[in-house]
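Sequences and hints are given; from them, build the entire structure.
Residue numbers (this note's numbering), protein chains in the order written: chain A, 18 to 397; chain B, 18 to 397; chain C, 18 to 397.
Any given hint could turn out to be false.
[Unchecked claim] No more than 27 Å apart at the CA atoms, straight line, and that leaves these computed lysine-lysine pairs for DSSO-like:
#, chain 1, residue 1, chain 2, residue 2
1, A, K24, C, K86
2, B, K90, A, K42
3, A, K345, A, K303
4, A, K24, C, K120
5, A, K27, A, K303
These are calculated hints, taken from the structure and not from any lab test.
Chain residues, written in single-letter form:
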Amino acid sequence: QEIPSTKFGKGIFNIVGKDSSWTMKVGARMQFLTLASWENDHGELTNGEAAFLVRRARLKFDGYALTPKLEYKIELGLSNRDMSGSSIYTSNTPRFILDAVMKWNFYKNFELWFGQAKLPGNRERIVSSGNLQFVDRSILNAGFNIDRDLGIQFRHHFNLTDTFIVREALAISQGEGRNVTTGNIGGFQYTGRLEFLPLGLFPNKGDYIGGSLSRPETPKLAIGITYDFNNNAVKTRSNQGSYMLTENGFYETNITTLFVDAMFKHKGFSFMGEYANRDAEDPIAKETDGTPTGQVVQVGNAVNLQAGYLFKSNWEVAGRFSNVDLSKSITGESLVNEYTLGLSKYIVGHKLKVQTDFTYVDTENINSRLAYRLQFDIHF
Amino acid sequence: QEIPSTKFGKGIFNIVGKDSSWTMKVGARMQFLTLASWENDHGELTNGEAAFLVRRARLKFDGYALTPKLEYKIELGLSNRDMSGSSIYTSNTPRFILDAVMKWNFYKNFELWFGQAKLPGNRERIVSSGNLQFVDRSILNAGFNIDRDLGIQFRHHFNLTDTFIVREALAISQGEGRNVTTGNIGGFQYTGRLEFLPLGLFPNKGDYIGGSLSRPETPKLAIGITYDFNNNAVKTRSNQGSYMLTENGFYETNITTLFVDAMFKHKGFSFMGEYANRDAEDPIAKETDGTPTGQVVQVGNAVNLQAGYLFKSNWEVAGRFSNVDLSKSITGESLVNEYTLGLSKYIVGHKLKVQTDFTYVDTENINSRLAYRLQFDIHF
Amino acid sequence: QEIPSTKFGKGIFNIVGKDSSWTMKVGARMQFLTLASWENDHGELTNGEAAFLVRRARLKFDGYALTPKLEYKIELGLSNRDMSGSSIYTSNTPRFILDAVMKWNFYKNFELWFGQAKLPGNRERIVSSGNLQFVDRSILNAGFNIDRDLGIQFRHHFNLTDTFIVREALAISQGEGRNVTTGNIGGFQYTGRLEFLPLGLFPNKGDYIGGSLSRPETPKLAIGITYDFNNNAVKTRSNQGSYMLTENGFYETNITTLFVDAMFKHKGFSFMGEYANRDAEDPIAKETDGTPTGQVVQVGNAVNLQAGYLFKSNWEVAGRFSNVDLSKSITGESLVNEYTLGLSKYIVGHKLKVQTDFTYVDTENINSRLAYRLQFDIHF
Chain A
18 QEIPSTKFGK
28 GIFNIVGKDS
38 SWTMKVGARM
48 QFLTLASWEN
58 DHGELTNGEA
68 AFLVRRARLK
78 FDGYALTPKL
88 EYKIELGLSN
98 RDMSGSSIYT
108 SNTPRFILDA
118 VMKWNFYKNF
128 ELWFGQAKLP
138 GNRERIVSSG
148 NLQFVDRSIL
158 NAGFNIDRDL
168 GIQFRHHFNL
178 TDTFIVREAL
188 AISQGEGRNV
198 TTGNIGGFQY
208 TGRLEFLPLG
218 LFPNKGDYIG
228 GSLSRPETPK
238 LAIGITYDFN
248 NNAVKTRSNQ
258 GSYMLTENGF
268 YETNITTLFV
278 DAMFKHKGFS
288 FMGEYANRDA
298 EDPIAKETDG
308 TPTGQVVQVG
318 NAVNLQAGYL
328 FKSNWEVAGR
338 FSNVDLSKSI
348 TGESLVNEYT
358 LGLSKYIVGH
368 KLKVQTDFTY
378 VDTENINSRL
388 AYRLQFDIHF
Chain B
18 QEIPSTKFGK
28 GIFNIVGKDS
38 SWTMKVGARM
48 QFLTLASWEN
58 DHGELTNGEA
68 AFLVRRARLK
78 FDGYALTPKL
88 EYKIELGLSN
98 RDMSGSSIYT
108 SNTPRFILDA
118 VMKWNFYKNF
128 ELWFGQAKLP
138 GNRERIVSSG
148 NLQFVDRSIL
158 NAGFNIDRDL
168 GIQFRHHFNL
178 TDTFIVREAL
188 AISQGEGRNV
198 TTGNIGGFQY
208 TGRLEFLPLG
218 LFPNKGDYIG
228 GSLSRPETPK
238 LAIGITYDFN
248 NNAVKTRSNQ
258 GSYMLTENGF
268 YETNITTLFV
278 DAMFKHKGFS
288 FMGEYANRDA
298 EDPIAKETDG
308 TPTGQVVQVG
318 NAVNLQAGYL
328 FKSNWEVAGR
338 FSNVDLSKSI
348 TGESLVNEYT
358 LGLSKYIVGH
368 KLKVQTDFTY
378 VDTENINSRL
388 AYRLQFDIHF
Chain C
18 QEIPSTKFGK
28 GIFNIVGKDS
38 SWTMKVGARM
48 QFLTLASWEN
58 DHGELTNGEA
68 AFLVRRARLK
78 FDGYALTPKL
88 EYKIELGLSN
98 RDMSGSSIYT
108 SNTPRFILDA
118 VMKWNFYKNF
128 ELWFGQAKLP
138 GNRERIVSSG
148 NLQFVDRSIL
158 NAGFNIDRDL
168 GIQFRHHFNL
178 TDTFIVREAL
188 AISQGEGRNV
198 TTGNIGGFQY
208 TGRLEFLPLG
218 LFPNKGDYIG
228 GSLSRPETPK
238 LAIGITYDFN
248 NNAVKTRSNQ
258 GSYMLTENGF
268 YETNITTLFV
278 DAMFKHKGFS
288 FMGEYANRDA
298 EDPIAKETDG
308 TPTGQVVQVG
318 NAVNLQAGYL
328 FKSNWEVAGR
338 FSNVDLSKSI
348 TGESLVNEYT
358 LGLSKYIVGH
368 KLKVQTDFTY
378 VDTENINSRL
388 AYRLQFDIHF
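This is how it looks when you write it as C-alpha cells:
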C-alpha cells in the first residue's frame, strides 16, 4: 500500500483534514558539510583543519487549525549543532525546538504571533538556512543577529500605492533567546521592523530567498530597517552571546541593535546588503561594587554585501564582502574582513543543491586564514 | 497530491495496516504559556516576574500491532520543560520518552503492561496534561505524585452489578522514576489501585478528563484508592524528588504513599477531590555512621478540591483549593494553601482551548504571592 | 478518514512522490528489556541486580530523491541509551542522529556515500540491532567495533563467477566516532573491507540478519575482512572509547583494527563467527614529557562464535561463545569468556519477537557472573 505524495521538494505530507478543518505540511531537510581551513603564515599554509558534519537536520510542520486565519509553525532541529546551547537556562536540555509559533490573523491585515519564532531582525537571518546563497551566513550575522525568542509579535502590511508595499512588525520578547525555561531575566526586549517593497512583491517570496531563482522580469527591491531595544539585557550580544554573570546575579544594561538591509533582484542577478550596529548604555559588565567582571557587550558595527548571478544552467556565481568592526577599546576584538567566492548548482532549486565557497579571512594583526567549504542540501 | 485526514483534533494520521494487521494514530499537541506573579508585601505587589514558555510539545503514537489485543503507546516530549531531569541516572541525556508501553490483553479482562508508563497513582496525575481543568495541575500533584516508571503493570476490571464497575491495577517498578538507565537502585516499588464507578462509565472516559465537557445526563461518580510501597527507596519523594546520596552510595528507606481521590460529573458540573499522604520508615537520610546527610523524605499530607461549571457556550468557571502540609519538624517546610480561580474557553473541547487562572498562594510565615497564567492549547 | 498502509512490519508509511520523483519509507521500532544478574560467589548467588529498560527506540527514514540512483537514510535514536555519549565533542547535545547518509550510485556498480553511517567494520555490528540472534551483541563487539563515523565511503561489487560475488568498501572518516561537531582531531581513519559470497546472495540480505529466518534451500556463505587504520587516533578504542587527553591536548598514536568474520546459513541452521584484533603504534598514552597519562589503547584480540537452529515453529535455539583477550600487561584487563544460551520466538520474523538469553561470564581471577535477559521487539 503506497501512499502517493507531491513532487520532490514540496513536502513529505500535505494533509488536509476533513471539511478543510485543518492542514499540515510536513517537511524535512538536511545539510552535509565538508570543510577545510588553513592559516596563511606569510604565504605558507599551516595548521590545516578539516571536518565532516551533518550541519543541519530539520523537521518542519506548518499549516492551519480550524480556520486559515489560525496558522501554526513548528520546526525542530535534530543535528547536534542544531540543538547546541544547552544550559541551566534551558533546563539542561538540548534546544530541540526552533520554532513553535501560532499566527492569528485576527483582523484584516493584522496578525498576532505568539510562541517562539525568529524576531524581525536582519534579513540574512530571516532567510531560512535552507535558502542561502552561500554555504552559510556571514560574520555580520554571526556577531549581530537577534535570532529567535519567546513572546508575541504583531504583524501588519498595507499598500502605499498599487505596487508599493509596506510591512510592519513589532515584537515583545523575553530577551534571552530561544528555549529559555527560567523565565525573563532583566527586562523585556522590544523589536520594531519596517519593510518597503516599492516595486511590488518578489515572485515566490524571493525577498527572503538567496539567489535569484525566480528570475523576475522586472527589477524588485526590498528595504528593511530594524530597531531593537533590549531593556536591562543580561547577555553580551543582546539576547544572544553569554550571560553576564555577577557574584550575586546578573549585570544588566540597555542594549540597542540597529539593522538596515536591502535585497534587489532582476532576472538572474541578485544583491543583498546589510548594515548592523550594536550599542549599550554601559557595555562593561560590573559587580555591584563597580569592579569589571570581564564580560563586555559586543558593541560595534558590521557590513555585509553580496551579489550573485544565476546562469540559465542553474549554476550560480556569487561574491561576498563582510566586515565586522567591534569597538576595540571596549571588546579588545580586531577588525575582520572576509572575502568569499561562492559557486552553487541548484539541481532542484534550493531543494537539492550543491554549494561550495572559498573564503579569505583577513583579521587585523594576526595571520590571515583560508577556508574551503562544500555542502550538499536536500529538502523534502 | 493532498492526503485526506480526519477532522481537527482527531489525530494527524489514523493509519490502518493491510488486513487490519496494525493501526497507528499519530497525534501532536502544544501549550503556549504566559505567566506573571507578584509577591504581596502587606498589600503592595513587589518582585514581579513574567515569562513566556512553550510549556509542552508532544508527539503521541498509539494503536495495536498484529492483533487488537496487543496495544502500544509512545509519547515523546519535545519542549525543554518536557525533557528536563537529565542526570547521570539517565545517561546524561534528555528525558525525551514519556510513555513507551505495550499493553497485552492476554486473557479476558486482564491486561499486562510492560515498559514505561504512568503508574496507577493519583487521578489528577493520570488526567493528561492536555485535558486539565486549570492551566496546570495542583501543588498536591507537584509534591506527591508518583508519575511514570519502568516496569510491569497488571490491569483488570469487572462489573459488580450492571452499572457498578470495579477496576484494579498493580504495578511493579524500578522505583526511581522515568527514563532511568542505571538499573534499579534500592528495592522495587509496588503500586496497587482500586477504582469504583458505582453509577456506570463516564461518557468519553470522562473520569480522567478535566471539566464536564460531555455533560452526562445522569450523575457519574468515580472513586479511587492507591497504595504505593517503595521498598528501600532512594529518592526524597518516593520515585520522584532528588536522590538521597551518602558518602558511599545511597540512603535507603521504605516510603509509602496513599492517595484517595474522586471525580463527580453531572451535566455541566464537575468535581474532583484528592487526598495524599506520604510516610517513610525513617525519613531522615543518614550516612552509615548515623550523621544526617541533610536530605529528608518529604513526608506529610495534602488535599486538593476543585469544581467547575461548564456553560452552554463552552465557557467554564472553576475554583480550586489546594493544601500541602508537610511535616514541619522533619522537612522544615511551611504549610501552603492555594486558592485558584480559573476561566476556560473550550473552542474545540480540550483540542483547541484558551485557559486562564489566577492563584493566591498563602504560605505560613512568609509573604503571600499572586500568580496569573494564560495558556493556549492546540492538539492535532 | 483512515489512511491505508502496508502489512505489519513493512513500514509505517511507504510514500511515492509524484512522477516517482522520490520515495520515503518511514519505520519505527522499540525494544523492551528486562534483565537480572548475579555474582557467583563459590556457588552462592550474591549481589543480585535487576532492571527494566526501554533499550532502544528508533525512527528510520529511507528512500531516494529525484532518481533511484540517489538514496538517503536517516535513523534517529530516541531512548536514553540510544542518545548517550553526549560530551563537549558533540556540542553537549545528545547523540540523536544515528545515520544521516546519502548514497549516490554515480557509475555502474560504484556508490559514493557521504554523511554519517556505520563503517564497514565487523559483521555483527553491521547487523541491525533489530535483527540480532540474541538479546544483544557480544563482548567482541562491545570491545572492538568501530561503529559509525562521519565522512565518505566508496562501495563497489562485482561477480567473479555467476554465483561468486565480491564486495569492496573503502571509508575515510574523521576517526572519533559519530555526532562529533568539533572537527577532526588527530588524523583521518581509513577502513577497507572485502566480502566474498562464493555461493551466491543470501535470500532477503540474510548475510546481515541474525538467525536463518529465510531458510535457504542451498548453503550460503559470506566471508568478510576489514582492515582499519586510524592515523594519529586520540581515543582508546580507535574511534570509540574515551579521549586520551594530555595536559595540553591529546595523545595521538596510530591504531589498527582487523576483523575477519563469516556468516553461514542452510535451511534453519545459521553460524556467525568473528575474530578481532586491535594494535597501536604505542598504546600507552603519554604527556609530551613522556609521563604516562593513565589512559591506554585497548589492544588485544577477541573471538565470537555463535550458531542457532530455527525450528518450523519459528522458535530458535542458539548458543554463543565469546572471548576477549586484551593485552594484560598493557591494559591490566583480565581474560573474559562468555557462554550464552538463547531462545527466541519470532512471531513476525524480527518484526515482532520475544528473545531471552542466559549468560555465564567467566573472568580470570574474579567471581563469575550469571545474567538473564528477556526482550520484546516490535518494528513497524
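Status of each hint after checking the structure:
no.: 1; hint: K24/A / K86/C; result: 17 Å, holds
no.: 2; hint: K90/B / K42/A; result: 24 Å, holds
no.: 3; hint: K345/A / K303/A; result: 19 Å, holds
no.: 4; hint: K24/A / K120/C; result: 21 Å, holds
no.: 5; hint: K27/A / K303/A; result: 52 Å, violated
This entry does not satisfy hint 5, going by the numbered hints stated previously; all others are met.
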